[in-house]
Every structure is written in C-alpha cells, then in structure tokens.
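Peer 1: Chain by chain, the residues run as shown.
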Amino acid sequence: MKRLAQYRVWFVWLGASGLLAAWLAYAIQTPGQQASFMPGKVTHAHHQIELKCAACHAEPFKGREGIQEACLSCHAKELKAMDDSHPVSKFTDPRNADTLAKLDARQCVSCHTEHKAEITRPVGVTLPDDFCVRCHSDIEKERPSHKGMAFTGCAAGGCHNFHDNRALYEDFLIRHGEGGKLKDDPKLPDRHLRDFMVTMEYLDGEPITASDMDGRAELRPVPKLVAEWEHTAHAQAGVNCSGCHQAKDASDTLAWIKQPDHTVCTSCHKEEVEGFLTGLHGMRLKQGMTPMQPGMAEQPMKPSAGHAKLTCMSCHGAHRFDTRKAAVEACLTCHDDGHTRAYKASPHFGLWHEEISGRGAKGSGVSCATCHLPRVEFTTPEDETRVLVQHNQNDNLRPNEKMVRSVCMNCHGLQFSLDALADGKLIGRNFKGMPAKQIESIRMALEAEKRGAARKAVGDTDETEE
Amino acid sequence: MRKFQVVSTLVAAGVAAAFATPAHAADWDHKDIADALHSVMEADRTVYTKLIVNRLQNQEKVIKASEHWKDDKALVLPAQMFRYGSEAVAEKGAKFSYSLLSLWPVNKQNNAKTPVEKAGLEAVLKGDPYYTTETLGGKKYFTAVYPDKAVAKACISCHNGHKDSPRKDFKMGDVMGGVVLRLPMN
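So the protein sequences, as listed, match chains A and B.
According to the working numbering, the stretch in the first sequence is residues 1 to 466, in order.
According to the working numbering, the stretch in the second sequence is residues 467 to 652, in order.
Worth flagging that the hints you see were computed from the coordinates, not collected in a lab.
Hints may contain errors.
[Stated by the list, open to error] In silico lysine-lysine, BS3-like type, Cα no more than 25 Å apart, as pairs:
(1) Lys592/B - Lys615/B
(2) Lys116/A - Lys141/A
(3) Lys90/A - Lys574/B
(4) Lys634/B - Lys558/B
(5) Lys80/A - Lys536/B
(6) Lys615/B - Lys102/A
(7) Lys450/A - Lys629/B
(8) Lys437/A - Lys325/A
(9) Lys90/A - Lys558/B
(10) Lys450/A - Lys634/B
(11) Lys147/A - Lys527/B
(12) Lys90/A - Lys634/B
(13) Lys527/B - Lys637/B
(14) Lys527/B - Lys62/A
(15) Lys606/B - Lys141/A
(16) Lys432/A - Lys450/A
(17) Lys141/A - Lys605/B
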C-alpha cells in the first residue's frame, strides 16, 4: 500500500487526464457543447449554425475536400444559376496550372476562410484586396482604358465581381447603357401560381367555401380561422383543410396534423421553401436545429420580437396567408436597422402605400419583399419556367449588384441602379435622394464599343495600336 | 488423377487467356486514346454546327445563335457548346481535359498560352494533328492538337463579323484554330 502511495500523483494525473479526454470526446459530439472547440468567430453568414460543427465539417478528418462538399451542399445551385465567372473547371484545367499556383480557387475556403474574423472583409472574403492582380496584372495590355486604375477598384467600383457578372458584362452595359432613372412602365412581374397548379393538374382550381371544408370534425376550427381561410387564395383555388393539415406519418398512413410545419408547405411551394431554408431565416431549420429567433441575430432587431420563432407562419400567418403583410409588416416586426427604419419615409414606401390603398396600379408598389424576396424566374422540376418569390433573402444581397437585374431594372435604368447600389449612405436612407456619384463602367463600355466600330470600319483589330 | 491434372491445366489456361484477352486494349497508346476522344468531339461539334446552328440560323433563319444566348433567347454558339461540354467533363472529375483554342480567338482567354499550344496551333495550320508531351504544374501530359476547320458558313460569318475577332478573312475549309487535348501520363 505504501508502495502504491508513492505513485499517488501519477494516479491523480491519470484520472484527471481520463476525465478530460472523456469530456472532450462527449463535448465534440454534442451539439451545444462544441463552443470550446471553436477556433475563432465565424462570419455573419454562418453564425446561426456555428455550434453545429458537422454542418461544415461533415466528416471528421476528411479535410478540405469534405468542407468543399459542405459548401456546395448549400451554395452549388446559386453558383450555377449566376454563370460563375470563375468556375472550378477554370482552375483544374492543366493549361491554367500557372493561374492555379497564384490562386487556388478550386476550394471556396481559399478565399472565404471561416473562423478568421480579424481578416474577414465584406462578402466573407479573407484574401487581401489585391487578389485580382494575381492573375490580371497585365489587364492594361488587353484594355488600355484600365491603365493606372487602383488594384482595389476592380470590385469596389461597381464594375466587376469575382463570381456574378450578369449585370456587369460589357455587352449588357452597352445594351442597357442609355436608360434613365425610371423606365416608362415600372412594375413587378406577375406570379401565376394558381394557373400553374391547374395546368399541371395539381389542383382543379375550383373555389371552395366553408360548407366544403373536410377537416371540421378533426381540427375543430374556430369561426375566425374559417373566415380567414375562406378569403385566401387557398380557398379560391380549392385547397381544403386536408391540403395542409393532412400528411402521411411514419407508418405511411394519412394523419391529421394540428400545426403543420414547412414540410407541408413544400408539397405545393417547393422552390419557396427551399429558398427559405437556404437563407438566414431558415438555415437553422435546414440543419435540423431549432428555428432562428431574432434575438440570436447579429443585425439590430426589436427586443419585443427577440423570442419569435421563424417558420413559414411567422411572416405569412396561418390561415390568412396575407402576402402583403408578409411583404412589409412582418419584416418591420423584427428588423430594426437604419435602412429598415428609413423605409416608411422613402419614395419606395410611398408607392407601396398607394398600391395597397387601391390608388396605385398592381405591381407598382415597392415593399421590403420587392427587393429582398423578389419575384424571379425559376425553372421548376417539371422544366417549366415560372415567376416565383425567391424566399432566400440573401440570394441577391452581396455583392449588391446581384440585385440589379432581378429587382432594380424592373423599374430603373442600369446606370441609375449601379450608381444607387454603390452609394452606401443612400442605401442607409432607403434610397431617399439621388446617388452621389456615377459608376464609370457604362461610359467605358460605350466608348470601347465606339472604338470597336471604328476599328471595324478601317480594318484595324488591335486595341493596343490605337 | 490424370483427368484432374488435365482439367486443372485447362482451367488455368482459360483463366490466363481471360486475363490475356484485353491485351489488345492495352495496346492503345496515348495517341490512340486521344484520337478516339477527338473523333467523338469533332463529330458532335460538326453535327451541332451544321444541323443546328447553320441550318436554323443561316439557312432557315428560324433562330439566331448568340454569345449571350440566355439573355437573347438564342442558340448556344458552337464554341460555347464545346466549352460547356469540356466543363461538364471536368466537373465529373475526368482525368483528361480539352479546349478549343486559336491564334485568332474572339475571347482572348482562348489564345495559345503554353509553348506547346503555340507550337501546336502553328503546326495544325497545315491540316494534320500535332502530338507531343509537356509538363504543366509538375505533371507530365500527352498533348494532342487537332486542326479545327470552318465546316459551315456560320463559322466564318460569325468570326469575320465579330467586333472582337482579330482576323476577319476566314474562308470555308480554313483551319480557324485547334482542339487541344491532354492526357496525364502518370
């Protein structure tokens, strides 16, 4: 016994190490306990799911390849849709081995490293400002007009983006360069959901009333709910109680559900729900976590809404499904930043007020959703093109030129749109006023076009020989 | 016993023959594989250019082909069709790669870049393929360059009329560029 006593310190060390190892093993596998392993703060884009390590680090020890798969599981679709100007295939091509040595853009994390708050810049970029120069340092040979431009100006000046240049490519600037502040017929594209559902034979489209309700006995709705439902597009398109409140359970039998969640909405609104789950409003639900609450947000939110739980119903309201309320009032219930607070004094709200008062034409008002949950063309799984609401409010937000085509140009000219989006103070005032300066890209594109036409006329083909 | 020996010898010979059978496949060298891949690419490219673009745009004047085909609701240009195919192959993780390059490209990214591309594009102007090896990013490749000729009016009318085209005097049958195909050698 005495002999063992001399090893007492070692036993204590061994026991303590064992306990520590056991705790670490437990903590690393337990959501909510993983904060101790966080190597640094994550970006605004991912902070909601930062404690679910597996969301990005899908498989332990799989390295960068595993992380890349996780990035693409959420972002592949948008990269494809935006005609990515720097796709991975550009960097895996052996002929571009020299480019790859300068910038390994095969992986998202080469430019967007997480847990590096101290070097993270807008759009989650963690490279220094001069990353364009690595491959395009000789741009002035091809385009003498770019001579002397600052290396920080490529993306900052509203001229180029690394991924999405759909509103910035030269021929687009030339084609739309002559437009003014407002178009002749400024309004939003129409949605035709009911027509689509009827065409695809998902619904017969015949209106139903309270006397046709099929869930009275099972759900026992109070008269207020019945009245609300009766006035919705749901009732007018023939969507009965069972349409939302009945679904197959684990044993594959139809069961009545008191409070349906987003999975029920998916049966008719697949693209909308997919967008919701991809954006900041629904990404926690997508990861199987509890719903997002405004109190968790990094953006300024109203304390009164701190504990609200974000689901489809938070904005749409069960049974009423008032899209106008969802487009403005729902947003203002939670959001409390300067841009939001300035909305009701903006010309955009003025137009919205006119429309909902019945004085403005349909589609002429500009709500929060007009810009942040815009109506855009989707290709459905049936290969049909439809105008739907993009429910990922982040889809067009950063860089904000992504908003130009899908939103601004419904009403405004290209030059005005680019100028306005480049003016941070104007955005803060919710576009009350005029842009402070003009973005140069359209003028440069139009001048290049004139030079090209002149060259064509004289048969000279080299811009550098001018 | 003797019967067993005969049977086992026959089985062994059969197994050996089975393994030996694909020997003719192993006879395919890098050049044969490159030629086979290119024959498919060239055939598909010619079919798209003649039967889709040239017929619908130049002959029947039903629809145009445009670089900005999505915005213009138009046909994809033959060069883009080829590039999208090449990108789809790369996305699938195929070991080989290919691209359509030229000494007179409309898109400057499709200019010759490596010394082999420059030599190859010059060589194929005579009409025959060019084969060599090159090392890129520390890896050795078998590189084949095949002449790409103007097979339809659409090819020359577009290149000769494009504002960014460095050459505007192409004629039918001219070598306008080359398909560069690379196979890794180890």
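Peer 1: Determine for every hint whether it applies to the structure shown.
Peer 2: Hints versus structure:
Between Lys592/B and Lys615/B the CA atoms are separated by roughly 11 Å; this keeps the pair inside 25 Å, and the hint holds. A hinted pair counts as satisfied when its Cα atoms are at most 25 Å apart, and Lys116/A with Lys141/A does not qualify at roughly 36 Å. At most 25 Å may separate the alpha-carbon atoms for a hinted pair to count; Lys90/A and Lys574/B meet this at roughly 14 Å. Taking the CA atoms of Lys634/B and Lys558/B, the gap is about 36 Å. The hint is violated against a cut of 25 Å.
Between Lys80/A and Lys536/B the alpha-carbon distance is near 13 Å, which keeps this suggested pair within the 25 Å criterion. Annotation: proposed proximity of Lys615/B to Lys102/A is violated, straight-line Cα distance about 34 Å (limit 25 Å). Restraint check for Lys450/A and Lys629/B: the C-alpha separation of about 10 Å stays at or below 25 Å, so the hint holds. For a cut-off of 25 Å, the pair hint linking Lys437/A to Lys325/A is broken: about 35 Å separates their Cα positions.
A threshold of 25 Å between alpha carbons decides the hint, and for Lys90/A with Lys558/B the separation of about 14 Å falls inside it, so the pair holds. Using a Cα cut-off of 25 Å, the hinted pair Lys450/A and Lys634/B holds, with the two alpha carbons roughly 18 Å apart. Straight-line distance between C-alpha atoms of Lys147/A and Lys527/B comes to about 42 Å, which puts the hinted pair past the 25 Å bound. Pair hint Lys90/A plus Lys634/B does not hold up; C-alpha atoms about 28 Å apart against a cutoff of 25 Å.
Distance check on the hinted pair: Lys527/B and Lys637/B sit about 21 Å apart at the alpha-carbon level, within 25 Å; holds. The suggested pairing of Lys527/B with Lys62/A is violated, with an alpha-carbon distance near 54 Å, which exceeds 25 Å. Taking the CA atoms of Lys606/B and Lys141/A, the gap is about 31 Å. The hint is violated against a cut of 25 Å. Straight-line distance between C-alpha atoms of Lys432/A and Lys450/A comes to about 35 Å, which puts the hinted pair past the 25 Å bound.
Between Lys141/A and Lys605/B, the direct Cα distance comes to roughly 30 Å. Violation of the 25 Å bound is thereby established for this hinted pair.
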